[in-house]
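Undergrad: In order, the protein sequence lines correspond to chains A and B. Going by my numbering, the first sequence opens with residue 1, and the numbers climb by one from there. Going by my numbering, the second sequence opens with residue 1, and the numbers climb by one from there.
If you're looking for bench data, these hints aren't it; they were derived computationally from the structure. By construction, the Cβ of each residue, glycine as well, lies at the ideal position given by its N, Cα and C atoms. Careful: at least some of the hints might be erroneous.
Said to hold, decoys possible - Only part of the chain A face toward chain B is listed, based on derived beta-carbon distances under 10 Å: (1) A40; (2) F44; (3) T48; (4) R84; (5) N86; (6) M127; (7) I133; (8) D134; (9) A135; (10) L136; (11) V141.
Spelled out, the chains give:
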Amino acid sequence: MPFTIVLNIFAAVGQSFLSFFAAVGRLFVFAAKAVGHIFAPPFFGRITLKQFMDIGYYSLPVVGMTTLFTGMVLALQSYTGFTRFNAEGAIASVVVLSITRELAPVLAGLMVAGRVGASIAAEIATMRVTEQIDALVTLSVNPYKYLIVPRIVAGTLMLPILVLIGDIIGIMGGYIVSVHALDFSVGSYLKQTFDVLQAADVISGLVKAAVFGFIVTLMGCYHGFHSGRGAQGVGAATTNAVVSASILILIFNYVLTQVFFS
Amino acid sequence: MINDNKETAGGENSMIRMSNVKKSFGDKHILRGINLEVKKGESLVVIGGSGTGKSVLLKNILGILEPDEGTIEVDGHVTTHVRGRARVELMHKFGMLFQGAALFDSLPVWENVAFGLIHGEKMPKGQAREIAVEKINAVGLSAQRVADLYPAELSGGMQKRVGLARAIATSPEIIFFDEPTTGLDPIMADVINDLIVESVKGLGATALSITHDMASARKIADKVAMIYEGEIIWCGDIKDLDNSGNPYVDQFIHGRAEGPISKHSDFAKTAKSHA
Numbered sequence: 001m002p003f004t005i006v007l008n009i010f011a012a013v014g015q016s017f018l019s020f021f022a023a024v025g026r027l028f029v030f031a032a033k034a035v036g037h038i039f040a041p042p043f044f045g046r047i048t049l050k051q052f053m054d055i056g057y058y059s060l061p062v063v064g065m066t067t068l069f070t071g072m073v074l075a076l077q078s079y080t081g082f083t084r085f086n087a088e089g090a091i092a093s094v095v096v097l098s099i100t101r102e103l104a105p106v107l108a109g110l111m112v113a114g115r116v117g118a119s120i121a122a123e124i125a126t127m128r129v130t131e132q133i134d135a136l137v138t139l140s141v142n143p144y145k146y147l148i149v150p151r152i153v154a155g156t157l158m159l160p161i162l163v164l165i166g167d168i169i170g171i172m173g174g175y176i177v178s179v180h181a182l183d184f185s186v187g188s189y190l191k192q193t194f195d196v197l198q199a200a201d202v203i204s205g206l207v208k209a210a211v212f213g214f215i216v217t218l219m220g221c222y223h224g225f226h227s228g229r230g231a232q233g234v235g236a237a238t239t240n241a242v243v244s245a246s247i248l249i250l251i252f253n254y255v256l257t258q259v260f261f262s
Numbered sequence: 001m002i003n004d005n006k007e008t009a010g011g012e013n014s015m016i017r018m019s020n021v022k023k024s025f026g027d028k029h030i031l032r033g034i035n036l037e038v039k040k041g042e043s044l045v046v047i048g049g050s051g052t053g054k055s056v057l058l059k060n061i062l063g064i065l066e067p068d069e070g071t072i073e074v075d076g077h078v079t080t081h082v083r084g085r086a087r088v089e090l091m092h093k094f095g096m097l098f099q100g101a102a103l104f105d106s107l108p109v110w111e112n113v114a115f116g117l118i119h120g121e122k123m124p125k126g127q128a129r130e131i132a133v134e135k136i137n138a139v140g141l142s143a144q145r146v147a148d149l150y151p152a153e154l155s156g157g158m159q160k161r162v163g164l165a166r167a168i169a170t171s172p173e174i175i176f177f178d179e180p181t182t183g184l185d186p187i188m189a190d191v192i193n194d195l196i197v198e199s200v201k202g203l204g205a206t207a208l209s210i211t212h213d214m215a216s217a218r219k220i221a222d223k224v225a226m227i228y229e230g231e232i233i234w235c236g237d238i239k240d241l242d243n244s245g246n247p248y249v250d251q252f253i254h255g256r257a258e259g260p261i262s263k264h265s266d267f268a269k270t271a272k273s274h275a
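Chain A on its own, in the form it takes in the complex (with noise of 0.2 Å):
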């Protein structure tokens, strides 16, 4: 009998590791199908600039809106640290480092898998209930071609340039902060700022916004595709893919982080 209960402990964690690693290789054929139609033609060039639109144009309230409060809260918070040791002199470092290394890709990334990752799980996933998807297939059009690839594409070349305009929005907050409200002249946050902000710095933050962007729209563009019947079925898409988007931006921040500055 024991032995019964443990064998049975045994195949379900055995499923389960099966069940994951069989999601696992079906998001990289999706994911592999998706980049090889990026290069083949026929190409959507119209539906690719509307992409670029919803995509990155709509999404820069957000992400100004994010950047620009993270930089003022990251001025206050280490001016309160940092009087402590007669350090507040190292505000702008912290806030321009903080910003273009980290704060920057992964709040936009986070922000645009809430907004645009959602939006493209429910608009995928309403497609395929309705069975849009299928009419996609009857009229001759590739579907991986006119849903999937103009939306991996704005997504991975959109984040870069939001998360770039988030690093000017985001180190304004903190210089706003700390010169009208810290007291700290002009000159010398400017100075400070500039003197350690490297081009490395910013590139590694784009270059991860791109990754995250790919992230973003692939696993919006899967879980949409993939979605169960019905309002259930479009309800979940869009969870999972806010969810897993979420999580492997944060997995591969670490990653990225790693490569850049180990």
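Given the coordinates of chain A, work out where chain B should sit on it, guided by the hints.
TA: Relative to the frame of chain A, chain B by itself:
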């Protein structure tokens, strides 16, 4: 480009031929050896209850699903496992009216109708719009009024008509109709049936429809096949339907609760959700 140009052993007159096609989802066996032939220019209606595998049958022919066993031939070519660009080319032969119309929400009516022309056949937009307007008028809608509306602004019947206009816009050789009258009032259903007959005969196309609406089947069919538990259990001319001598067909066409068809035979419903 279509597969290996393998010619069929069937007659030259055969447009669609399914031989021993089987499809399962896990342990749910939906198609259990379908044998079916649709001749060129013929209108075949497949009848059967909910969850008997009708939609799965259509999706296997279209390549949306791949059969586990058996052979599907379209216009003399084996297409069972055709994929990629060859499948896209093959789809030029097909048009389809979906059960819920499946119009693209983000596009206006005229662009829905012209979609296959613009993206499938690479036709210039202006020319595609002209054809779309012509097809919208052909299905009894006023293009002037509806062409620039979005699908959400149309009634169910109007959406079905737009779906029909889209299905015939590329003048396909084969048209599929998936439950064309489901969800429509009887008058609108009859209007759609008339339009289907007109469109199919006008194009000289081959039609394969699935329905459980017997009025619709009687109106649009040259031949009728009945699917039950994943097999074609009867196939014959529409004029022979009432004298089929098959108790399953008799029960179904008369809508009787009592008979050989079990009330619990909707085993395939669960699996249909996978399709």
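Undergrad: Find the hints from earlier in the document that the structure breaks and name them by number, from lowest to highest.
TA: Those not satisfied are hints 3, 4 and 5.
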